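Need the complex rebuilt from these two chains, each delivered in its own frame; the hints are there to steer you.
Residue numbers (our numbering), protein chains in the order written: chain A, 1 to 120; chain B, 1001 to 1497.
Mimicking BS3-like on lysine-lysine, the simulated pairs with C-alpha atoms at most 27 Å apart in a straight line are:
{"#": "1", "chain 1": "B", "residue 1": "K1096", "chain 2": "B", "residue 2": "K1356"}
{"#": "2", "chain 1": "B", "residue 1": "K1105", "chain 2": "B", "residue 2": "K1159"}
{"#": "3", "chain 1": "B", "residue 1": "K1181", "chain 2": "A", "residue 2": "K62"}
{"#": "4", "chain 1": "B", "residue 1": "K1023", "chain 2": "B", "residue 2": "K1105"}
{"#": "5", "chain 1": "B", "residue 1": "K1422", "chain 2": "B", "residue 2": "K1362"}
{"#": "6", "chain 1": "B", "residue 1": "K1193", "chain 2": "B", "residue 2": "K1181"}
{"#": "7", "chain 1": "B", "residue 1": "K1023", "chain 2": "B", "residue 2": "K1104"}
{"#": "8", "chain 1": "B", "residue 1": "K1104", "chain 2": "A", "residue 2": "K96"}
{"#": "9", "chain 1": "A", "residue 1": "K22", "chain 2": "A", "residue 2": "K96"}
{"#": "10", "chain 1": "A", "residue 1": "K22", "chain 2": "B", "residue 2": "K1159"}
{"#": "11", "chain 1": "B", "residue 1": "K1193", "chain 2": "A", "residue 2": "K62"}
{"#": "12", "chain 1": "A", "residue 1": "K96", "chain 2": "B", "residue 2": "K1159"}
{"#": "13", "chain 1": "B", "residue 1": "K1096", "chain 2": "B", "residue 2": "K1362"}
{"#": "14", "chain 1": "B", "residue 1": "K1356", "chain 2": "B", "residue 2": "K1422"}
{"#": "15", "chain 1": "B", "residue 1": "K1105", "chain 2": "A", "residue 2": "K96"}
{"#": "16", "chain 1": "B", "residue 1": "K1096", "chain 2": "B", "residue 2": "K1023"}
Sample of chain A residues facing chain B (criterion: CB under 7 Å; computed from the structure):
{"#": "17", "residue": "I32"}
{"#": "18", "residue": "A39"}
{"#": "19", "residue": "V43"}
{"#": "20", "residue": "A80"}
{"#": "21", "residue": "I83"}
{"#": "22", "residue": "F90"}
Residues of chain B placed beyond 10 Å of chain A at every Cβ, according to the derived structure:
{"#": "23", "residue": "V1032"}
{"#": "24", "residue": "Q1063"}
{"#": "25", "residue": "P1099"}
{"#": "26", "residue": "H1106"}
{"#": "27", "residue": "Q1348"}
{"#": "28", "residue": "R1361"}
{"#": "29", "residue": "K1362"}
{"#": "30", "residue": "L1381"}
{"#": "31", "residue": "L1391"}
{"#": "32", "residue": "L1411"}
{"#": "33", "residue": "W1429"}
{"#": "34", "residue": "P1447"}
{"#": "35", "residue": "Y1474"}
Rather than coming from a laboratory, the hints here were simulated on the basis of the structure.
None of the values given here were measured: they were computed from a predicted structure.
Every residue, glycine too, gets a C-beta built ideally from N, C-alpha and C.
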Amino acid sequence: MEWILGITAGILLSTGLYSLLKRHLLQILIGILLMGHGANLMVFLSGGLNPGQPAFVAEGAKALSRNSSDPLPQALVLTAIVIGFGIVGFVLILFKQSWVIVGSLSTEAYRTSKGERRNT
Amino acid sequence: MKVILPIIIPLIGALLSIALVHKPMVSRWIGVLASLATLMASAILMVSVDTQGIHVLHSGGWQAPFGISLVADRLGAVMVAVSSLVAFCASIYAFKDIPNQLVKKHFIALVLFLLMGVNGAYLTGDLFNLYVWFEVLLSASFVLLVLGSGHQQFKGSLKYVVLNLLGSTLFLIGAGLLYSKVGTLNMADLAFKLSSHEQSDLVNSSGILLLLAFGLKAGVFPLFFWLPSSYPTAPYTVSALFAGLLTKVGIYAIIRSMTLFLSGAQDDLQTLLITVALLTMVLGVLGAVAQGHIRQILSFHIISQVGYILAGVALFTVAGLAGAIFYLVHHIIVKSNLFFIAGMIERQRGSDDLYKTGRLRKMAPVLSVLFFISGFSLAGLPLLSGFWAKLAVLKAGLEEGAWLLSAGVVLVGIITLLSMLKIWIGSFWEGSRPSPTGDPIKATPLPLSMVLPSILLGAITLGLGLVGGDLYSYSIRAAEDLIEPMTIIQAVLGESP
Chain A
1 MEWILGITAG ILLSTGLYSL LKRHLLQILI GILLMGHGAN LMVFLSGGLN PGQPAFVAEG
61 AKALSRNSSD PLPQALVLTA IVIGFGIVGF VLILFKQSWV IVGSLSTEAY RTSKGERRNT
Chain B
1001 MKVILPIIIP LIGALLSIAL VHKPMVSRWI GVLASLATLM ASAILMVSVD TQGIHVLHSG
1061 GWQAPFGISL VADRLGAVMV AVSSLVAFCA SIYAFKDIPN QLVKKHFIAL VLFLLMGVNG
1121 AYLTGDLFNL YVWFEVLLSA SFVLLVLGSG HQQFKGSLKY VVLNLLGSTL FLIGAGLLYS
1181 KVGTLNMADL AFKLSSHEQS DLVNSSGILL LLAFGLKAGV FPLFFWLPSS YPTAPYTVSA
1241 LFAGLLTKVG IYAIIRSMTL FLSGAQDDLQ TLLITVALLT MVLGVLGAVA QGHIRQILSF
1301 HIISQVGYIL AGVALFTVAG LAGAIFYLVH HIIVKSNLFF IAGMIERQRG SDDLYKTGRL
1361 RKMAPVLSVL FFISGFSLAG LPLLSGFWAK LAVLKAGLEE GAWLLSAGVV LVGIITLLSM
1421 LKIWIGSFWE GSRPSPTGDP IKATPLPLSM VLPSILLGAI TLGLGLVGGD LYSYSIRAAE
1481 DLIEPMTIIQ AVLGESP
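Chain B extracted, bound-state conformation (with noise of 0.2 Å):
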């Protein structure tokens, strides 16, 4: 029961709110409290999870293989509860972000919808039903984007659906190739059935088509375009909400894949994977550099920080997984956070453009510190939470002697750095140029909605920095499950497959 609850609150929530979607008010407060159920569940389901081990619901009651099988384990547990937290702030930041008039058209719904599908992702443990959920967290997002839309978000938006209906495309003859190879669409099935085979490896030949549809979702290095020229476009709630949600669902399913149905070939596609782990988060961290906007240099970051947590997926260790599960967390909280941040610097001097903004030092000390608290754990500045993350990645590869990735971890680190001292300098201190009327700005006062869940992400970040310890251990006991998939397989297959 415990693991459905993530699944069905955001549903409800959403049917009730477009119920009542002529009264934007009570509207936005169903999405408030519907989040706020969906984190409490999630985070009662983490801490369950965490203490009983793995929990599997077999829906309608079919058994493991017939069925279609819930599957929580530490991984999925800890990721619904990071993203139901981000969609709750996400739904305060829309009480004043989101005009009324897109909250009738159904925002709040959508948001909620969207939860749905990203919390069906991450808890389901069927090959095919993760198909469905990935269809019902793009429709979503396809229509988020365009919602209120102007001339930017057309151009932004074609390229986000076309090509991820490519890879939805890929997805399905992935799937459905690997069906008549094995015969069965349980991912620990699949895994139980490959890992007693031979040659895994060359079965699974078609595992890599499921491999570059997750990649095209995840953002990695040759499939990564459609992100930056999308995520800029939209509004800020929705900006956030992506940035939290949707590139690490694509993430979450390449980790899920390569232990389990893909783990035959690992070595195979080892050098593959940290080559173009290596290429994201170079390219990523380049074309921040060379951006003028806060949204569009963001945007870039996410690119680079999907190749740090490829990064450790690749090196395949305990060590690596559990720096990849600690490094999501926190990339999650501090990206979503620096968007809303990106938002009230837009609402303050009305652009986010650094060459426009500037001296919000001054006028706004709290946002000041906010940005500072994300932007610079962004960067791994120490005792931030970005430190451990890159720290546990870096310790990692060392550990393997990836002496090249290891290297790129370090050095983009430095430029990330670069770039948020970018926007500090551009935006925070004085400001590249005078203002073009040289007239004295005034702050306008942010609105409490906007600041709080910023304030509260600032806050979960400063909290995992200092006592980053648990998350990390947490980490890898999530990634020691991983590491091993017989326990997956057990739990879901029962005790003698």
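Here chain A stands alone, though its shape is the one from the complex (with noise of 0.2 Å):
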């Protein structure tokens, strides 16, 4: 089961690189959301997968029995999606006025812009 996800989270790593460099803002964009699910999934992966198997101590023992996942990656894989959530949220904005104000979403219209020669 690991090496599927595993594979997964290659391809989403890989094509969201590939995405990323692309010049469209909202081909970055994608390539941004593709890493970062990727990323999740490599640490939701570092847990372990073992279905069927609650979180749960049974009672009398101590720690988690050996055969049941670690609960703490999930836990910080749901700390890093919201964090993503928000983030990709501000990216939206961002492109948004780059919209309005630029008037392009490709990043060569940046290259072409007045700001480009008031610096040279």
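Spelled out as structure tokens, the structure:
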């Protein structure tokens, strides 16, 4: 089971990186999203996958039984997902403002815009 | 309790200023008072850490490897104190630099959230918690960067946002992989478990992901190009804040990781780090020489200074680490002040273009003195703080026999002096060209709220230069704690882990 998720995480990260290198802002956004998902999946995997084993400490025992998954990475992933959600919301607004102010969603527009000339 | 105050106070201040956002003046004063209170709390923390040893707070009463521990050692405490100082000066400087319109868009709250994130990153003892603090400070910095957005600002912020998000992704993956291998996220516990393993450098191969993420945030050699394109576009207060706070968190994280959970790989990484440090220094300073705007010159100098600090770290000796810590403190104070001064130059002459300014030496003598102190301290003129900082790194390099690195330190120092002279000649002396209209330019008096923070930082720079020994011996003590990870491991995990 782990290997399927491992490969999925790899595909998500590589397609995300590919998309991140594009010139269109929306493709960059998709790249950010995919890479974020890939990273979350990898952290999720780090706790191990053991289906059908609830993360409860059995009566009398001090710790979780050996064959149950570690619940901590799942808590970490929840945190990371929430943070990622907020960041993507911000990036969306940023790109929308960029559409309003620069008038384009292509990074090429940044290169040829007025701002560049002022600098040189 | 002392440990958590530098995080709580900015949070309370930020919430208050959100509640009172419709009264800009009240909001501004909240910013000043909250950052002053943070500064005092962190100064108390620093003194108490120095006299009583490492302070640890187990949040929620959970014991060390299970709960999130806040750890204040000498390095963390001094970084918190200096960051709070910069935030305090910036919130005074903002009175005239930041218009009410931006204050009503929660500028003050964002500055305080940034300070909270930075202080949290310096004080946390948990790797995942460090990730969370990084995100807190990044989110605040993203918004600060695009606030009052112009054309140019968007261009810079795009690079900044995308690259830092990439860095955060790498950080998250690195932390996850490390957890799956070692089974803990507490940095002291990580160091302890790895140090008892025979081949900890192999166990820790994924640590390079963390190093990459921290390096990106610190702006080291192949990963620095977001910095000069984003810093010069924001308002001056924001540039100064970023210059003082942001890249330093990355460097701090490198120091922390190299001395705790990557310490097993020090030998493998030393050559890499020294090469990167040298290239960062040289390329940063060469980039600066090519620029014509004061703020761009200063931004490139941040990179070359980061190289100096990294050079100290890469030596892995007490002297090297002490030099790096001393350099960090000096650099934060001086660089923020230089951005403040650049803001005042632009206010007087309407531009920070070296070819459009000039004659400031006669028009604004106070400003000239302030620039002289900070600018030439950055270049390492004797008796100013930068001289001792560079000397400390150079001495550590020579002791270790790192000749190429030491030669780089000296050479880059000379080029830094050159580019500070360029600003001095261009803006303060006669100016390269006469003013286009030929009219006698009259100096507009500078508002006190801009001059005062600059004078404060300038005085500290002078003070560090004249009595730098105290800070240097403090840095030595901090470095001794760092080089021997058992001190911090025992403080966090208890006497017999």
